[in-house]
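S.K.: Now for the letters of each chain:
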Amino acid sequence: MSAHPAGRVLHAPAAALAGAGATAAVVGWLTTVDHKRIGILYGASAFVFFLLGGVEALVIRLQLAVPNNTVVSAHAYNALFTMHGTTMIFLAVMPFNAMFFNYMVPLLIGARDVAFPRLNALSFWIFLAGGLLLNASLLAGTPPDVGWFGYANLTSKHYAPGLGVDFWIVSLQILGVSSMIAAVNFIVTILNMRAPGMTMMRMPVFVWMSLVVQFLIALAFPPITVGLIFLMFDRFFGTHFYDVAAGADLHLWQHLFWIFGHPEVYILILPAFGIVSEVLPTFARKPLFGAPVVIYSGVLIGFFGFGVWSHHMFAAGMGPVADAAFSIATMLIAIPTGVKIFNWLATLWGGSIRPTSALHFALGLVGLFTIGGLSGVMHASPPVDLQQTDSYFVVAHLHYVLIGGSLFGLFAGIYYWWPKMTGRLLGEGLGRLNFWLMFAGFNLAFFPQHYLGVLGMPRRIYTYRPDLGWNGANLASTIGAFVIGVAVLVFMVNAWRSLRRGAPAPADPWDGRTLEWRTSSPPPVHDFDAVPPVYGRDSFWREKHGPRRPLTVAVTPAGGPAAHAALHLPAPSRWPVMVALGMLIAAVGALTHVALVVIGILWTIWAIIRFALEHHRTPEHADQTGGLGLDHRKMAMWVFLGSECFFFGTLVATYLAYKGRSVVGPAPHEILNIPVTSVSTFDLLMSSLLMVLALAAVQRGDRRQARLWLFGTAFFGLIFLGFQAYEFTEFVHAGFTLQRNLFGSTFFVLTGLHGTHVAIGVLWLLSLWVLDLRGRLGAADAVKVEIAGLYWHFVDVVWIAIFTLVYLIP
Amino acid sequence: MPSDHARGTLGDAKAAVDVRTTSTIGLALSLGLGGCAWDAPMSTVAARSDVAREILHVYAIITWIVVGIALVVGIALAWVVVRFRSRPGAPGMPAQIRGHTLLEISWTIAPAIVLLVIAIPTIQVIFRTQAAPPRDALQVRVLGHQWWWEFRYPALEVVTANELHVPAGRPVALTLDGPDVIHSFWVPMLGGKRDVVPGRQNRLTFTAETAGEYRGQCAEFCGVSHANMAMRVVVDAPDAFARWVAAQKAEPGEPAPGPAADGKAIFARSACVGCHTIRGVSSGALGPDLTTFGSRRTLAAGILPITVETVTAWLKNPPALKPDAKMPALGLTDEQARAVATYLIGLK
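Chains A and B, in that order, give the protein sequences.
According to the numbering used here, the first sequence holds residues 1 to 810 in order.
According to the numbering used here, the second sequence holds residues 1 to 348 in order.
No wet-lab data here; the hints were simulated from the structure.
Each hint should be verified, as a subset may be incorrect.
Stated by the list, open to error - Derived lysine to any residue pairs resembling SDA-like cross-links, with alpha carbons at most 25 Å apart: (1) K326(B) / Y159(A); (2) K544(A) / R200(B); (3) K157(A) / R200(B).
What the hints assert, rightly or not - A few chain A residues that face chain B, going by a derived Cβ cut-off under 7 Å, partial list only: (4) W29; (5) R354; (6) R460.
A virtual CB, placed ideally from N, CA and C, is assigned to each residue, including glycine.
Let the sequences and hints guide you as you build the complete structure.
M.R.: Listed below in structure tokens is the structure:
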């Protein structure tokens, strides 16, 4: 049976987990797997963190309002700008984006939910854990104070001895896990769950931008994960990744951070571009001009976004060739960005423009992002950048693109989709006041900062002298910041009034173009009564106003209550919260006591096993083949392995970059035992063969052989780990440890993380073996073994690369 | 590099260009908000060196282009929104135009051409300003500390802190390094910034053109007192520079009897000697060299002018003036601090 949304069989059980009233409501939210509720959870959390980050900004601006000010101490100020940046990026803009990914993407593609609803919930709870942990540092009195991009070696234990940086590292790692899981989920959803007839090029632009963003997340987070692992190991275990005296290169942190950091800014802005690409056509009553070009531009921006990271390092001394190369690459990216702006203008040209609040914010983005993008072009030239970087000029640039771009886009989305999500309309009068206050306040706050940069004011300074010409612009900027605050208050009033007694919203208040307007406001729990027909790009508009492209499947009748009762809906689950809780406990343990780490890890493993087995016997979950003919879980594994390529690639690249730089011995050729490692390599390769046999046995229903080969694979994996344990023990006895030299740091972390992957694989295979022992692994479960096999073969291939580059090549 | 003979006329021409470029930038940037002092101490558009001038040249080109594009797009946006506003009673639906291939090609190629105009001088200036310094350049080692600047002239055997003297008209080759964290050396009027990265020797070469004093400040967040890490660069005419070098290398004379002599005695028997060098008196290496402290105009990396009052206040409690300063309060009485201050100010 396919996982086609118009399925049959069981109606999902209600949240049968608690008593009546308020408790039931709370439990309902804690166990929800409904993408709409998860979207609201993201949005509400993001808004709270946004307010927190905003307060931090206002205190910063108060301190800088006049020279030599004493509102906060230097220590407090440095923590404020660190927390403000980290909060706004990871806890405000990204989860606001996630609110729209979650709520809207399934509706926009005509699906009833995402590919993995429980993983979706898991992403949210892990995000919340990370956000709470980061802000717990404020309560603990030790917030991080090293800047949101924490350059090594200021972040070393020596120069930042307190818990602040540790809070920062652990929180970011948790937030990274959340984003990664969501990325896999949405890639599979968008590729595999589109309604029949919705080809890729017929997808709304917002969905395209979301897809590009998820790929960016999947591939950009691994490098920062590795960079943070290096920092964590330096701080906790005495490794030398950022230890200059041991031969390290401090540029490593910057490269790893910005290989993540630059795609991150596209992660932040592309959803806003997608929103504008929906809002402008709707309120101009014209299609998006050049929609395919806008789509291709977004893809190109995402792709090339991986090639420009060192434009953040023009002052770092990389040399003229690197400077020139990254300068050209950065300028090239301006082209697809400019193309989008022109296409948006052409969309408006000749239209019949209705000046709703949503449109105001979208227009704001077009104008303000143009300014931000142009100041970015100035930064793309290293000679100019050498004056502008690390000054208030770049602060102005980044706020023009992040507030003028991302935030204005998000507010456009909020005003646009609020009726759909809440069933009520926001006030247009208050909406326009919101916009104009925000627009005026924002420009007053940040345009003068261009001048401050030109007049040489460095960034991240808690105070400044009065005789440098910076006074007036700083005061203006502070006033503007408070006007932004008032604008946000106006929005909150608007939202409150709307929720309390706003006018009820019809299904299609804007004469919309896309599928979400085809269902009620808010949608029923099952999103669509019947799978929506797809008549082309802007399908709903074509349905209403023509021209309609031929349908690929016949329109299914909406059916009555009986049809709804036959839908399979994802059941609520307590395991996402439990897994996230285990991770939070382990994270808190990392900052306090190792016992909590152990408890947390055990808790997490237990919760993951329960999570994995929760629907093992649910018939609707047996076949998850999607629109591309591929099982959701296989597609998810492939995406995950793609990110793992970047993970191990970063580790190997660091190993190679640091090769030969150790200040003391031993060197690789003096300590590595190639003959013995060749045996363990052969063993691991053979285990892949056994894995192939195991899968074949499961697929043909031969349970005995399946058990034999599954256990065999795990056993060979254990042998490999045994060899590794032997090798590590020999090395430690010979005095070669993690802390010994740079080679020790890179070798043990690389092979240790690989060994951890093997160990996880072994546990996975043994669980499948136990399932088979209990008679619960049939031919219908072959795909579960198949994805374990994909993972296992991948870990093998990585080992071949490691063995070659670390052991064999001198 | 131009010869001494040519430099006179070239210098005049360059000065003329500088004034023009500066006012061009000023005009371009003043749109909307006028009245800024473009020659403020940290101005990035008041070029006083060859590198700064090269940068300003590219800066001017890019700024004009960028402002022009912003105006075009902004005006187009405003016009479109007003012109195509929906009017009540206007007939149904606007023409549903989906695209126009020629238009797409044009507005892909046009930005590419504009970027080419920006890229060519950019690449040229990158390579020109990062060329190896000439053999006769004055070599200076810059060491960035938390939170002060050390300057060492190996060929001249001069060591000083927080105040960099260079001769006008002669290339200066800075080598940047540091014993602690990443800092960034930035004197806007003399050029762009370059990071001080421990373990790497970054280079910055420039030729200052006119005598004068310029302000610099650390431009890479380096800890609690990052905001308090300024510096002064004094560009001397060649003979004034020679005099300065001689004064730096001379043995400090005996201080005048009275507070200065008392100050020296207090200094010599206090913890000061563990961190500071005063030639002939102490050889500490953790803090700034104080041999010619009195010849400087500011103290504690440019955060205060040097007067008896400010130096006394500093000596009594450095972290009060510079949060987390590595120099501790030494428990000096008011009178003792004053005496030491008088001594230090006399070290010229």
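S.K.: What hints, given by number in increasing order, does this structure fail?
M.R.: Result: hints 2 and 4 break, sorted rising.
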